[in-house]
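Its first residue numbered 1, the sequence shown is counted upward by one per residue in the numbering used here.
Honestly, I wouldn't trust all of these hints.
[To be verified] Label pairs and their computed distance ranges (CB to CB):
no.: 1; residue 1: Glu210; residue 2: Lys320; range: 38 to 48 Å
no.: 2; residue 1: Ser165; residue 2: Leu132; range: 26 to 36 Å
no.: 3; residue 1: Gly138; residue 2: Ser223; range: 53 to 63 Å
no.: 4; residue 1: Phe152; residue 2: Pro261; range: 33 to 43 Å
no.: 5; residue 1: Asp220; residue 2: Leu145; range: 13 to 23 Å
no.: 6; residue 1: Ala185; residue 2: Leu236; range: 17 to 27 Å
no.: 7; residue 1: Gly138; residue 2: Lys168; range: 19 to 29 Å
no.: 8; residue 1: Glu210; residue 2: Val273; range: 17 to 27 Å
no.: 9; residue 1: Glu323; residue 2: Pro261; range: 15 to 25 Å
no.: 10; residue 1: Gly161; residue 2: Gly138; range: 18 to 28 Å
Derived by calculation from the structure, the hints in this document are not laboratory data.
Treat the numbers as computed from the prediction; the structure is a model and nothing was measured.
Just so you know, even glycine gets a beta-carbon here, dropped at the ideal spot from N, CA and C.
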Amino acid sequence: FSKEICIATMKIGITLAAAIGAFSLNNSSVLGFSSSSLTHMAFHPMAATGRKSASFRFSSSRDNKDSMMSNSYDPLGFAIKEEEEEVKVSIARKTSAAMVIALLSSSTMMPSSANAAGPDWGLFEGRTGSLLHPVIMGSMLLLSLGTALLGFQYRRQRNLGSEISELKKTLPSMNGASTLADAIANAEAAETVDTMLVQSLKAAIPVEMEIQALTQERKDLSSMGLRDKHFNQGALLAFLGTAFAIEGPLNTYARAGKLFPGPHLYAGAGLVVLWSAAAACVPAMQKGNDTARSLHIGANVAGIGLFAWQVVSGWPILLKVIEKTSWP
Numbered sequence: 001f002s003k004e005i006c007i008a009t010m011k012i013g014i015t016l017a018a019a020i021g022a023f024s025l026n027n028s029s030v031l032g033f034s035s036s037s038l039t040h041m042a043f044h045p046m047a048a049t050g051r052k053s054a055s056f057r058f059s060s061s062r063d064n065k066d067s068m069m070s071n072s073y074d075p076l077g078f079a080i081k082e083e084e085e086e087v088k089v090s091i092a093r094k095t096s097a098a099m100v101i102a103l104l105s106s107s108t109m110m111p112s113s114a115n116a117a118g119p120d121w122g123l124f125e126g127r128t129g130s131l132l133h134p135v136i137m138g139s140m141l142l143l144s145l146g147t148a149l150l151g152f153q154y155r156r157q158r159n160l161g162s163e164i165s166e167l168k169k170t171l172p173s174m175n176g177a178s179t180l181a182d183a184i185a186n187a188e189a190a191e192t193v194d195t196m197l198v199q200s201l202k203a204a205i206p207v208e209m210e211i212q213a214l215t216q217e218r219k220d221l222s223s224m225g226l227r228d229k230h231f232n233q234g235a236l237l238a239f240l241g242t243a244f245a246i247e248g249p250l251n252t253y254a255r256a257g258k259l260f261p262g263p264h265l266y267a268g269a270g271l272v273v274l275w276s277a278a279a280a281c282v283p284a285m286q287k288g289n290d291t292a293r294s295l296h297i298g299a300n301v302a303g304i305g306l307f308a309w310q311v312v313s314g315w316p317i318l319l320k321v322i323e324k325t326s327w328p
């Protein structure tokens, strides 16, 4: 927390404590007091004789009370004791009000050194905190490339099934044989050899070999768990990338007290928007929406392009940060 917040909290605490004390003694809101009203309370002018001290007013009150006692029966002097208690309470109220004014004055006139020195961000303001953004975002660029590779591999795995199905449709009828070799052997062993069938079966051998190769590739890709890896890395990229895209401007503001709008800042903001758009396409992609897949791929490819531009535009900033900051 900054020093301004601490000082403001102290002022509020002192004011509230003084107000509660005054309210409990005077049974009135502290907001009703002012310097003029307190002066009037402490030094109330008498009607015709000018100002008198509290002791004089007390003795005068005693005289008036004695004169009243001559007309009433009060052998134990209870009336005098009640008058003394009233005077004590009145003095206590005035003293409490004066304390409130003193506390309020001291709290509002308290010097605020934080306004002159500014907030101290400590490690976050030094070179260590300043280098967090370029180091993490550079790692995120590499993670983006790896995640994109996983995504294209998983897309390849998904498309291989349709390719294999299309190739199988071009094969000639093998009369129940599992391979072309078996079909050719059966055709040549027949009593009447169909030379046209044998030739067509032999011509389809390269297609069968391609089907076998594609099937093996599909098995290899399936064993890699591409779907889960792509999803997990994409989620990590969206989280860390967004977090440190925000951390960069915060660190700049902590060091310089202001931001510097420019290509680097604008490209970073656009990159976060593209990440959000790509993540928003995932639910529709899971339902088989090809349009969502195309948008997802387009947003991520554009994001990698912006990421590459971030390196170019951020390099001079990195050199300046290293020049202007010191460890830690």
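Does the beta carbon distance between Gly138 and Ser223 stay inside 53 to 63 Å, or does it fall outside?
violated (31 Å)
Is the hinted range of 13 to 23 Å satisfied by the C-beta distance from Asp220 to Leu145?
holds (21 Å)
Consistency of beta-carbon spacing, Pro261 to Glu323, with hint 15 to 25 Å
holds (21 Å)
Pairwise beta carbon distance, Gly161 to Gly138, judged against the given window 18 to 28 Å
Check failed, 37 Å falls outside 18 to 28 Å.
Can you tell me whether the CB distance of Phe152 to Pro261 sits inside 33 to 43 Å?
With Cβ atoms ~35 Å apart, the hint holds.
Outcome for the supplied range 17 to 27 Å, where the beta carbon pair is Ala185 and Leu236:
violated (54 Å)
Verdict for Glu210, Val273 (Cβ pair) under range 17 to 27 Å
43 Å Cβ-Cβ, so the 17 to 27 Å window is violated.
Between Ser165 and Leu132, does the C-beta distance stay in 26 to 36 Å?
violated (50 Å)
Distance restraint hint 19 to 29 Å, applied to the beta-carbon atoms of Gly138 and Lys168
Since Gly138 and Lys168 have Cβ atoms about 47 Å apart, the given range 19 to 29 Å is violated.
Please test the hint of 38 to 48 Å on the beta carbon pair from Glu210 and Lys320.
Cβ of Glu210 to Cβ of Lys320: about 56 Å, so the range 38 to 48 Å is violated.
Going through the hint list in order, the structure does not satisfy hints 1, 2, 3, 6, 7, 8 and 10.
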